[in-house]
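**Student:** Residues per chain are reported as follows:
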Amino acid sequence: MHSIGDPPIKRLTESVIIREPLLITILVVLASIFFALTHSYTQAYDHRREKLGTQWFNSGNADLQNHRPAAAVDDFRTALVYAPHHWGYQLRLAEALTAANRVNEAIAYYRSLRQSRPDSGIVNLELARLIARTGDGEEVQKLYNGAIFGEWDTANAAENRRQAFFELIDYFLKRNDAAQAESQLIALSADLPADAQAHRRIADLFLQVGDNQRALEQYRLALRGKLRDADTLLGAGKAAFRSGQYPAAKSYLERALREQPEREETKTLLDASQWLLASNPLAPEIPAAEKARRIVQSFAQAGRRLQACAQQSHVSLSAPSNATVLGRLFQKWKQASPLVTEFRLWRDPRLAETTLALIFEVEEQTANQCGAPAGADLALLTIAHEKSGESR
Amino acid sequence: MSSPPASLAPAGGSNASPTRPSGSLVRRLGARFFFNEDRFFLVLAVFLGIFAGLAVVCFRITMEWTRLFLLGSSLNPSPWRAFLAPSLTGLVISALVLTIFQGARGSGLNQTKAALYISDGYIPFRTVLGKFITATLAIGSGHSLGPEDPSLQIGAGLASAIGSRLRLSRKKLRLLAPVGAAAGLAAAFNAPISAVLFVIEEVIGRWSADILGSIVLSAVASVVTMRWFLGAEPLFRVPPTGVISWEELAAYAVLGILGGIASVVFSRGIGWLRPRLKATPSLLQFLLPAIAGLLIGGIATAGFPQVMGAGYDFMDQAMHDQYTWQVLGILAGLKILATTLSFVSGTPGGMFAPTLFIGAMLGGAVGSVERILFPHLTGSVGTYALVGMGVLFAGFLRAPITSVFMALEVSGDYSIILPVLVANTFSYLLARKLQPAPILEEITRQDGLHLPALEAEREQESIRVEDAMRHPPDFLLDDQMSAAEACALAKELPETHLLVKTQSQSWFLVAKEELCKMMEFGEGGQLLHFLFPDRVVPCLYPDQELEAALRYTQEWPVVPVVSRADVLRIQGVINLQDVLQAYRKSRAAS
Chain A
1 MHSIGDPPIK
11 RLTESVIIRE
21 PLLITILVVL
31 ASIFFALTHS
41 YTQAYDHRRE
51 KLGTQWFNSG
61 NADLQNHRPA
71 AAVDDFRTAL
81 VYAPHHWGYQ
91 LRLAEALTAA
101 NRVNEAIAYY
111 RSLRQSRPDS
121 GIVNLELARL
131 IARTGDGEEV
141 QKLYNGAIFG
151 EWDTANAAEN
161 RRQAFFELID
171 YFLKRNDAAQ
181 AESQLIALSA
191 DLPADAQAHR
201 RIADLFLQVG
211 DNQRALEQYR
221 LALRGKLRDA
231 DTLLGAGKAA
241 FRSGQYPAAK
251 SYLERALREQ
261 PEREETKTLL
271 DASQWLLASN
281 PLAPEIPAAE
291 KARRIVQSFA
301 QAGRRLQACA
311 QQSHVSLSAP
321 SNATVLGRLF
331 QKWKQASPLV
341 TEFRLWRDPR
351 LAETTLALIF
361 EVEEQTANQC
371 GAPAGADLAL
381 LTIAHEKSGE
391 SR
Chain B
1 MSSPPASLAP
11 AGGSNASPTR
21 PSGSLVRRLG
31 ARFFFNEDRF
41 FLVLAVFLGI
51 FAGLAVVCFR
61 ITMEWTRLFL
71 LGSSLNPSPW
81 RAFLAPSLTG
91 LVISALVLTI
101 FQGARGSGLN
111 QTKAALYISD
121 GYIPFRTVLG
131 KFITATLAIG
141 SGHSLGPEDP
151 SLQIGAGLAS
161 AIGSRLRLSR
171 KKLRLLAPVG
181 AAAGLAAAFN
191 APISAVLFVI
201 EEVIGRWSAD
211 ILGSIVLSAV
221 ASVVTMRWFL
231 GAEPLFRVPP
241 TGVISWEELA
251 AYAVLGILGG
261 IASVVFSRGI
271 GWLRPRLKAT
281 PSLLQFLLPA
291 IAGLLIGGIA
301 TAGFPQVMGA
311 GYDFMDQAMH
321 DQYTWQVLGI
331 LAGLKILATT
341 LSFVSGTPGG
351 MFAPTLFIGA
361 MLGGAVGSVE
371 RILFPHLTGS
381 VGTYALVGMG
391 VLFAGFLRAP
401 ITSVFMALEV
411 SGDYSIILPV
421 LVANTFSYLL
431 ARKLQPAPIL
441 EEITRQDGLH
451 LPALEAEREQ
461 ESIRVEDAMR
471 HPPDFLLDDQ
481 MSAAEACALA
491 KELPETHLLV
501 KTQSQSWFLV
511 AKEELCKMME
521 FGEGGQLLHF
531 LFPDRVVPCL
541 YPDQELEAAL
551 RYTQEWPVVP
561 VVSRADVLRI
571 QGVINLQDVL
581 QAYRKSRAAS
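These protein sequence lines map, in sequence, to chains A and B. Here the first sequence stands for residues 1 to 392, numbered as in the working numbering. Here the second sequence stands for residues 1 to 590, numbered as in the working numbering.
Since the hints were made in silico from the structure, they are not lab data. This structure is a prediction, so every number in the text was calculated from the model and none was measured. Glycine included, C-beta positions come from ideal geometry on N, C-alpha and C. Only true hints are included.
Derived coverage of chain B by chain A (criterion: at least 3 residues anywhere in the stretch with Cβ under 8 Å from a Cβ of chain A; other residues may be distant): (1) 41–50; (2) 55–69; (3) 73–82; (4) 230–237.
With the hints as extra help, turn the sequences into a complete structure.
**Tutor:** Right, dumping it as structure tokens:
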């Protein structure tokens, strides 16, 4: 075959004992040299790649800050060429796609990120926000849950989870799904830190879904956390008022009025609370004569409300007519008027009941026709609602 | 197998006697227990894998540096770079290929195969160097070509260069090129199984135990080396497959059909344009890579820079649902055009990556359309893109087994097997029907080479022993007969040579003339068993290929064809005339 060197070396290299180990040694040496050279080469290239990745990432960030999201998308994509598995770059690209209003692309990209990290809180949250725009409720709920129970790389993970919770509740409220919103609120309130703002926020939401008792509890926690502004006090007053705790409502509302004296809503609610404390015909443990006196007072108030509403709605009550709701109610009220005296009501509990029913009907119908009442009428309407709630 | 007696065997006899080590006892023991060429070859295969892996790492990084230098670091190169880089580099490549590195043209796959069959696997080191430089320039400047086939040739060339200095036997030297090729491809593709299968399926064309071990070792060594430097991550991030419902298989069948059609369009484009451009004047040929570069630059400037280079980043994007189906469809079409231009211009570079790119885009497009039409189906676009890669691999490169394993290996997910099988089968069968000759074979033919057409060989119907054998003789001798009895019977029979059934579950053959001669020597009373103890004749089975019969019938006047269940149950006899006649008949029929 090939002749290598002079005869003794040739003999040596031809020896079967020497030849293979010698060849293997030569191959090892060559491989080591090649390996070292390649290592230096790849190190230099890796360094350059890293630099380019950072450079394009920074450029993308600058573009995003300067409201050039389309350019930022290209920059982040380029950055990912040099660091294809860099999670931060991937997230920024997704954000840039969202900012550029390329919603479908952003959704697709977030989905692909979610496939690689299904438990990422931020990816679930952002994807939920995007999909919530188009509305697949089941998936949105799943994604928000993914955000709530997922992993967050940032230090304020608990805050992010809470934010996801609140967004999910908002989502349900926008869809008028109060039951789902309430159940999420209950879950959220169970795990809330001692943060007055959070308590106030969750109390507002409880109030919004109609869970007044829990709302009041959360307002109280917020107040205990030294959050004693007019909004919190008004919220607490509202929650107390709606749950029938009128002394407490009066107290909170008075404090709220002191904080912000000109606020009409507070004044209205306070008037209603005061009226209820003084004139509620259904107040427990009042003597029968007092109850009769309060019913007469309420009957007169309902008549005034009926006339004011008719005037507001340009409905004439003087002509005998059953054509309108207000006209029919006025006829009924007019017919009952001679009968509604303190004595008759004291003697005839059935008459007291029918009179109260007429009063409540008047308050409800006028509220429907003329909008929310104030003062004594609001108080009567509240009692009417309480009563209808009880009967239901 | 036993050798025939002097009276029956032709001159020369068997040449398969093993050579024994000669020399001192130490040397013999060393050769026997510690070192021999077969074992050394396995060790060498590991080293070749390491060298090929290192070379591929350097190749890929140099390609990236070149891209950075020529096209800039942005994913979307500026228009002037997109026009100038591939065209001006095309001129440099032309100059290099026409003056210094003539052997560097083409993808590297056919050249490696040619080296294997024409020059005993020898690939000059200059070709390796040339391929490294020119393919780096071509792909780095944005020509629509891939690095895998050049890596295959670089691996094969390095193996050849190292092996030729190690004074290995000719047989082993011939095996070096496929071993290096598998290592180069495995490192380039980060997929050792696919590389091994591809080399066996497309380069060697047969399964052989003596080479399989070396190929596997080198492929594994190269992938380990490559991963050491570049990491274990695949070239593109593969999304999880998820559950594939049976309804979706119809969509995958559609993908297979579209993939088959795309493969044929791609193959025909290259097959039609290449010989026409090769026939142009030499000045124009010199300019062709530059012209192709200009046209590709035009495509890139028109808004589709994705067609430049290998395109792995864009395959990744397609897999992650970053394009609409319209864009994916356009990209598939433009990539076919761009790759055809680059390849037929003679620019060195591979076809693997473009094939995968086209498949990924086509698959992504089908997946996106499916999602629009059937939103209840849950298949991800990424899965379609991945299956699409395999589809084009099966249809265009005509490597059906590799295509299936490639999809499995790249995804690492066995649940993809059904769609891959369905889509690849449709694509492969349709492409074969519409374009019987695979593109690699056609290119070989256009270059005036006559390499074995491996796909045709695989499909060729073989002629078997049963197609050529004759009925067995009416009467058979038994080794318990005396020579006198046997001679008396033999005189009644027309055959000149007689088969004798033995007690030891074998057959032997005696010439009628020789048998009767025993009478003259006074051995008539002796049993045949004692007279002809060493006349055992090899047996054939009806299902064996006729090639086996050819080997024996040259040495033996007649060979028994026996049942596999019972060696003494004769089913026919065959001689050289029968074999030749069967071959003639088959040729006339084809």
